[in-house]
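> The primary structure of each chain is shown beneath.
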Amino acid sequence: MHFADGEVPADYLGYVRRKVFWILGGILLIFVLLVCSISVGAVTIPINEVIQTLLGQNVSDKWDAIIWNIRLPQALSAIVAGTGLAVAGIAMQSILRNPLGSPFTLGISNAGAFGAAVSVIVLGTGTMQSRVADAVTINNPYITTIMAFCFCLLATGVILFISRIRGASPEVMVLAGVALSSLFTAGTMFLQYFSNDAQLAAVVFWTFGDVSRANWPELALMAVVVAAASLFFIGNRWNYNAIDAGDETAKGLGVNVEKVRLVGMVVAALVSAVIVAFLGVIGFVGLVCPHMVRRIIGDDQRYLIPGSCVMGGILLLASDTVARLIVAPYVLPVAVLTAFMGAPVFLFLLIRGYKR
Amino acid sequence: MILSVDELRFLYRNRVVLNEIAFSINEGEVVAILGPNGVGKTTLLKCLNRILTPRGGAVLLDGNDLLRLDMIEIARKVGYVPQRVETGRLTAFDAVLLGRKPYIGWDISEKDLRIVDAVFRRLSMDNLRLSFLDEMSGGELQKIAIARALVQEPKVLLLDEPTSNLDLKNQVSILSIITRIVREHHIAAVMTMHDLNQALRFADRFIFLKGGKIFSHGGHDVVNPGVIEEVYGLPVVIGSLAGIRCVVPAEQACELMND
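Heads up: the sequence lines are chains A and B, in that order. Going by our numbering, the first sequence opens with residue 1, and the numbers climb by one from there. Going by our numbering, the second sequence opens with residue 357, and the numbers climb by one from there.
To be clear, the hints were calculated from the coordinates, so they are not data collected in a lab. Since the model is a prediction, treat every value here as computed from it, not as a measurement. The hints are all genuine.
Restricting the straight-line Cα-Cα distance to at most 25 Å, the calculated cross-link-like pairs of lysine to any residue (SDA-like) are:
1) B:569 with B:590
2) B:511 with A:5
3) B:467 with B:533
4) A:19 with B:443
Sample of chain B residues with no beta-carbon within 10 Å of chain A, all distances over it, derived:
5) 363
6) 365
7) 399
8) 424
9) 480
10) 493
11) 522
12) 553
13) 573
14) 590
15) 600
The beta-carbon is built from N, C-alpha and C at its ideal position, and this holds for glycine as well.
Please construct the entire structure, taking both the sequences and the accompanying hints into account.
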């Protein structure tokens, strides 16, 4: 069979180019937001001095201290975490063939929170510290990360196991996720009931996802995991496109559907777990960013995955910036704001429908 | 001979679904797999490109043992068109481009785009290129699924009830496209079907399944009232209308159903 008389269609290339422009525009917006985000807060730093400081010029020692020690790592954490949660969400939606798939709706975030609670309360890795910007420190983030990660994998394993027995239908997956969510929430409550005041405060503050928590080494670790996971999912974009076309079609195209699902779930759980463990529970981003992007550039995973990464970064960075301003001089944890910011935009996109 | 099946056996949870299946198919042939609901037509089709793995017997694809080929190699030789086509916010061009998956390394090449374009022209659906799947009719979606299988440059096309959800015009249109492509490109097509009249009209050879085995197979002569009554449990008459052979339930069939 041979088809040699085709041409490269110009209208299609134009259509694809528009998607690329949307993504590039999003990346540009992240840079603009980054500068604005660093500029605002308890002390306002003029934009031009932010840029000069970021470019390595010493405008003032005070600005240097604020930008390099507090605002830049916080803003970068927001971008990295937003990217990671969004890419985990888009992968889960494709893997589970379910628009409600996300680390949060499938109980994986709550499982991570439970793991962290076990670590803080039972293993004693969390203490209160009195700092204005950050009331709680997990004094052994690596054990907390490992515990959160283990419980995320446990939740993932249970969902995969149930889909194996009952078939991976959307209803089964979502209901299993709801059940797991409740189970782990109950487990966390149980632990909290028997904890002392300091531990209780540590766990409660821990679950308010907050991007100001990470320091440079933690940020670096998150960035490596998120970058690796994003590359992994981008590398698998054709596999996810095939799975979106139906399991039988995917198998007919030579895709090892079970393996792609299993490995994808594990990678998505890993990236969610690392973010949850370092920053706490940040809902909504993983669920909603992919749908926002779908409504702008469609369901093609080649553009949907990078687009969701960019959208995740934008949403979380914007939310965090607003969280710092809205009740200044107090700083809200970003998790409170993501839904406030995301829900109206999402509802608008839902009502408007797809962009043509 | 492009595909040959010998002593094929398939079990579903230790229940024998298919047994002692043996037939072979040549290039340029359209083969219809016929039989009542639940007899294993779709299962047989899926065993031919290892969407399901047979438990016994052999399938030779272009001279190679199907069980030893990896899935990518199979996908380069066999195109599968499922009964149900998933939609999404995807252009027709992107949906068909997915058929190049077995050839795509890190990214698509210009050759992939050319082949997709050529298939769109061949199926006269240039105008659909940038239409979205979720705004298409059933007939258009079926054409997209066939186009997706064709850009795999297969030697064998497997189609699961390609006309089951289509109106009469679309049925004829889809089956004409399939038979034309099979003849022009000298490939083979195997399709499961329910409509005996469409099968008679478009297929060259017929495989009747009954009780998980091949009851009868061969050319037009095997489509006779005796075989059909045995397989479907329904008396039929076969007549000729304007020179076209057609199957209709016999007079006593309706009375039989009423009893």
